[in-house]
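Assemble the whole structure, with the sequences as input and the hints as a guide.
Chains as they are written, first to last, in my numbering: chain Y, 1 to 281; chain D, 1001 to 1281.
Where hints are given, some of them may not hold.
[As the list claims (entries may be wrong)] Here are the simulated EDC-like pairs of lysine to aspartate or glutamate, each with C-alpha atoms no more than 20 Å apart in a straight line:
id : chain 1 : residue 1 : chain 2 : residue 2
1  : D       : Lys1002   : Y       : Glu171
2  : D       : Lys1059   : Y       : Asp6
3  : Y       : Lys47     : Y       : Asp35
4  : D       : Lys1082   : D       : Asp1038
5  : Y       : Lys118    : D       : Glu1271
6  : D       : Lys1041   : Y       : Asp34
7  : D       : Lys1059   : Y       : Asp34
8  : Y       : Lys28     : D       : Asp1038
9  : Y       : Lys89     : Y       : Glu171
10 : D       : Lys1030   : Y       : Asp38
11 : D       : Lys1089   : D       : Asp1006
12 : Y       : Lys30     : D       : Asp1006
Keep in mind that the hints were calculated from the coordinates and are not lab data.
There are 2 protein chains.
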Amino acid sequence: MKTYLDCIPCFMQQTLRAGRLATDDEFKIKKLLDDTGDLIKQLSMEKTPAEVGEVIYAKTREITGIDDPYKEIKAKSIAEAKAMIPDLKTILKKSDNRLITAIRMAIAGNIIDFGMSKKFDLKEDLNRILAQEFAYFDFETFENQLKKANTILYIGDNAGESVFDRILIEEMSKKTYYAVREVPVINDVVFEDALESGLDEVAEIISSGSHAPGTILTTCNAKFNQLFKSADLVISKGQGNYEGLSDEKRPLFFMLKAKCHVIAQDLKVKENDIVLKGINV
Amino acid sequence: MKTYLDCIPCFMQQTLRAGRLATDDEFKIKKLLDDTGDLIKQLSMEKTPAEVGEVIYAKTREITGIDDPYKEIKAKSIAEAKAMIPDLKTILKKSDNRLITAIRMAIAGNIIDFGMSKKFDLKEDLNRILAQEFAYFDFETFENQLKKANTILYIGDNAGESVFDRILIEEMSKKTYYAVREVPVINDVVFEDALESGLDEVAEIISSGSHAPGTILTTCNAKFNQLFKSADLVISKGQGNYEGLSDEKRPLFFMLKAKCHVIAQDLKVKENDIVLKGINV
Chain Y
1 MKTYLDCIPC FMQQTLRAGR LATDDEFKIK KLLDDTGDLI KQLSMEKTPA EVGEVIYAKT
61 REITGIDDPY KEIKAKSIAE AKAMIPDLKT ILKKSDNRLI TAIRMAIAGN IIDFGMSKKF
121 DLKEDLNRIL AQEFAYFDFE TFENQLKKAN TILYIGDNAG ESVFDRILIE EMSKKTYYAV
181 REVPVINDVV FEDALESGLD EVAEIISSGS HAPGTILTTC NAKFNQLFKS ADLVISKGQG
241 NYEGLSDEKR PLFFMLKAKC HVIAQDLKVK ENDIVLKGIN V
Chain D
1001 MKTYLDCIPC FMQQTLRAGR LATDDEFKIK KLLDDTGDLI KQLSMEKTPA EVGEVIYAKT
1061 REITGIDDPY KEIKAKSIAE AKAMIPDLKT ILKKSDNRLI TAIRMAIAGN IIDFGMSKKF
1121 DLKEDLNRIL AQEFAYFDFE TFENQLKKAN TILYIGDNAG ESVFDRILIE EMSKKTYYAV
1181 REVPVINDVV FEDALESGLD EVAEIISSGS HAPGTILTTC NAKFNQLFKS ADLVISKGQG
1241 NYEGLSDEKR PLFFMLKAKC HVIAQDLKVK ENDIVLKGIN V
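Encoded structure:
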């Protein structure tokens, strides 16, 4: 997915938010905003927003000297999500179709996104998403491909959401590689966050090599690229991964909530719609 | 009021919105956003946001060749507001204190602001504001000064809001100068908008000389500056005028709804609070 003009004010907003978390020094934050302004000027709109995000967050680390401004927020998100596990398991037990319910839960987890301006209430949104109509629901194809699959590449998105991913991975019960970002970027899940979410108990955690808040194959490491080619089933969670992978040619499934109007427009859905969408399947 | 860091993403958002209204040419809009990025870089945070707005909207006119991107929107706002006059007059008739009700109406009109990202519903907001508690309510001082005043300088803000201003001006029943912007900037009221709102029937419409979405005295014309000094009572409507006048030394009254958290913070009120605040009074 290319960058839309609407992404530009959003980049500034994200820069400000990350800067504020990293430092109280208003001059440093102003410098960060200035540099983001420069980046935008050089920006090719053919790049994905995630690629721009990569440069912005690298700049945040450089100017503020803070490696992971969202560290505390991520720990809190994971703890909050983990506290919900018993309830989620009860809901799963009672559900008519466990796989669909687990998919809904994994998508509900996708609201934990601090790249967005919107506020969210995890419990409230979960309940809504458990009952919400899908805008795309390629479930039958997904279920068929899952049945035949021996290996799954599951590309994680946000820390906290990772806890919900674990439920779906457990439910699918296949050999799964759970891909995380190489470095902290927004509140995206990195190795330690995945560990803290208990993903090592249900999957092999691997780094995609990505420094971006998304997956751009050319900047991912060899192991990830090899798995992306060879895995029987690829699941891409969230907006950032969609941005980088929406034009890829292999079969893959996107699971996300369209949290901004730009992504919604690109997917031809409405804002706040939930999506299970297969491409090339 | 100085510019806050939070204003910066908002400038980009405003640029995008004005650019989109003025042209469909994505390259021109990108150029506009690039130039706004440059402006932000040069920006002294000691300037008021309205001063920055002035440069942004001048740039919009220059790059798109469109003098008044909000022309249609303003005409629609004025028509919508005018259609509400009979209802407003009925409410006024029935009210315990006509002056307070007219002030509330004038403040309710202040929600017609296309500089903001927020959507509004004129009728719904009006009903809310007619019943809402004031965060500042310097009514007694205002009423006293009004009684003694022979001349009023009333500084308008948005087109459409101007129709509600008319009701208050009629109610105050004094010699009033209604100040408008010199050139179109966002949806702010200019001379023709004031005429279309019927303000010539209750006031003398004058241009403040301002090219900014607010009032910065050093860029206003001599007549306005003279009136600002000599008028017995000065009423400043809305956020943009507040930004430029909040540090002035003469007695004046601000009437506004705090529509963004930056203004709310500066005023030490909550977002969405309504304000009748006198300074130096």
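Cross-check of the supplied hints:
no. : hint                  : result
1   : D:Lys1002 / Y:Glu171  : 55 Å, violated
2   : D:Lys1059 / Y:Asp6    : 19 Å, holds
3   : Y:Lys47 / Y:Asp35     : 18 Å, holds
4   : D:Lys1082 / D:Asp1038 : 40 Å, violated
5   : Y:Lys118 / D:Glu1271  : 16 Å, holds
6   : D:Lys1041 / Y:Asp34   : 5 Å, holds
7   : D:Lys1059 / Y:Asp34   : 18 Å, holds
8   : Y:Lys28 / D:Asp1038   : 17 Å, holds
9   : Y:Lys89 / Y:Glu171    : 11 Å, holds
10  : D:Lys1030 / Y:Asp38   : 13 Å, holds
11  : D:Lys1089 / D:Asp1006 : 39 Å, violated
12  : Y:Lys30 / D:Asp1006   : 10 Å, holds
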